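Trainee: Sequence:
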Amino acid sequence: MKNNCEIIKDLSVLVKDGIATKESEKVVKEHIAECENCGNYYKSITDEIDLNKNEINIEDRQTKGIVSYGKKIKKIILGTVIVVGISVVAYIMIIVAFISAPFFFYDKNETTNISDYREFDTIHNEEQCMWSFLYVFPEKINNPDKVKSYYYYCDNKGLFDNSYQMYLESEFSEDEFKEEVKRLSEIKVKYEGDENSIVYNNNDFKYPAYVAIKDKDCTYEYALVDDENNRVMYVYTRFMYESDIKFDKEYLPKNFMNNASGLNGDSIYRFGTTIPRKDELEK
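Residues in the sequence shown are numbered consecutively from 1, following this note's numbering.
Among these hints, one or two may not hold up.
Claimed, not checked - Label-pair restraints from in silico Cβ distances:
no. : residue 1 : residue 2 : range
1   : 197       : 87        : 52 to 60 Å
2   : 183       : 228       : 57 to 65 Å
3   : 121       : 88        : 41 to 49 Å
4   : 79        : 13        : 49 to 57 Å
5   : 124       : 194       : 24 to 32 Å
6   : 151       : 258       : 22 to 30 Å
7   : 47        : 82        : 23 to 31 Å
8   : 228       : 281       : 30 to 38 Å
9   : 45        : 22        : 44 to 52 Å
10  : 200       : 108       : 17 to 25 Å
Rather than coming from a laboratory, the hints here were simulated on the basis of the structure. Note that this is a predicted model, so its numbers are computed, not measured. Just so it is clear, CB atoms sit at the ideal spot from N, CA and C, and this is done for glycine as well.
Start from the sequences and build out the full structure, keeping to the hints where you can.
Mentor: Encoded structure:
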C-alpha cells in the first residue's frame with residue numbers, strides 16, 4: 001500500500017502540472033478519494049498553486065496600480081507643462097505686441113510747407129522731447145522766398161522718445177549772410193552760472209559748421225555755412241539713421257550715428273546730466 005501511495009504522489013505532481021495521461025489522472029483521483037493521506041498531499045500541492053496565483057495577482061494589481069499612478073503623474077506634469085508653456089507664449093506675445101505696437105500705430109507730423117515752420121503741436125510732448133531748443137535755427141522766417149528747401153518730420157514710434165529730422169536751407173544777401181553767421185557764432189546757453197558756447201567745426205562736415213549737438217543722445221544740431229553762395233543749411237536730427245534721412249545726405253557729418261550714444265559727444269543744452277527747461281536758462 002505504501003508503495004502504491006508513493007506512486008500516486010509522484011503521479012499527483014504530474015496531474016497538478018497537467019502533463020499526466022488521462023488514465024494516470026483517473027487512477028490518482030480514484031486513489032485520493034479512498035486514501036486520506038494521499039488526498040491531503042494532493043490538496044497541499046494544488047493549494048500551493050492557488051497561493052502562488054494569489055501572490056501573482058496581488059503583485060499584478062500592485063504593478064498595475066503603480067503604472068496607473070505613474071500615468072496620472074505624467075498627465076499632471078504634462079498638463080502643468082502645457083499650462084506653463086501657454087502662459088509663457090502669451091506673456092511673450094504681450095511683450096512683443098507692446099514693443100511692436102508703436103511701429104504700426106503711431107502719430108507723425110510731416111511737412112515741407114514753410115508756413116508750418118516751428119509748429120510743434122501735432123504730437124504729444126513734440127517740442128519737449130527734442131532735447132534741444134533749436135537755437136541754431138532762425139527763430140522765424142523773415143523772407144520765405146529765400147528758403148530753398150524745408151522739411152520737418154516727427155513720429156512717436158519709439159517706446160519712450162520721439163524721432164525727428166528738420167532741414168532748412170536759406171539764401172541771404174551778402175549783408176544778411178554776414179549777420180546770420182555772426183548770430184550763429186555767438187550762440188551761448190547759460191545755466192546756474194555755467195555757460196556752453198556753439199562749436200565751430202571745419203573737419204567733420206562738407207562745409208564749415210556751427211555745431212550745437214553732435215554725437216550726443218542720438219541727436220545732432222548744426223548749421224553749415226556756404227560762403228561762396230551766401231547760403232546756410234540748418235540740420236536737426238534725433239533717433240534718425242542715414243537711411244531715414246530725406247534731405248541731401250552730403251549735409252550729414254562724417255560717421256553719422258556711429259558714436260551717437262553720447263559718451264564722447266557734446267550738446268550746448270546739457271550741463272552734466274541736466275538738460276534745463278528753457279525757462280530755467282539765464283538770459
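Trainee: With reference to the structure, classify each hint as holding or not holding.
Mentor: Structure-based check of each hint:
With their beta carbons about 57 Å apart, residue 197 and residue 87 fall inside the hinted range of 52 to 60 Å. Range check, residue 183 to residue 228: about 20 Å between beta-carbon atoms, so the 57 to 65 Å window is missed. Checked against the given bound of 41 to 49 Å, the beta carbons of residue 121 and residue 88, roughly 43 Å apart, stay inside it. Between residue 79 and residue 13, the C-beta spacing of about 54 Å keeps the proposed range 49 to 57 Å intact.
The hinted range of 24 to 32 Å is satisfied by residue 124 and residue 194, whose Cβ atoms lie roughly 31 Å apart. For the pair residue 151 and residue 258, the beta carbons lie near 23 Å from each other, so the given range of 22 to 30 Å is met. Take residue 47 and residue 82: their Cβ atoms lie about 52 Å apart, and the range 23 to 31 Å is violated. Remark: the range hint 30 to 38 Å for residue 228 to residue 281 is upheld by a beta-carbon distance near 35 Å.
The beta-carbon spacing between residue 45 and residue 22, approximately 19 Å, falls outside the hinted interval of 44 to 52 Å. For the hinted restraint 17 to 25 Å between residue 200 and residue 108, the CB-CB distance of approximately 34 Å leaves it violated.
Checked against the numbered hints given earlier, the structure breaks hints 2, 7, 9 and 10 and satisfies all the rest.
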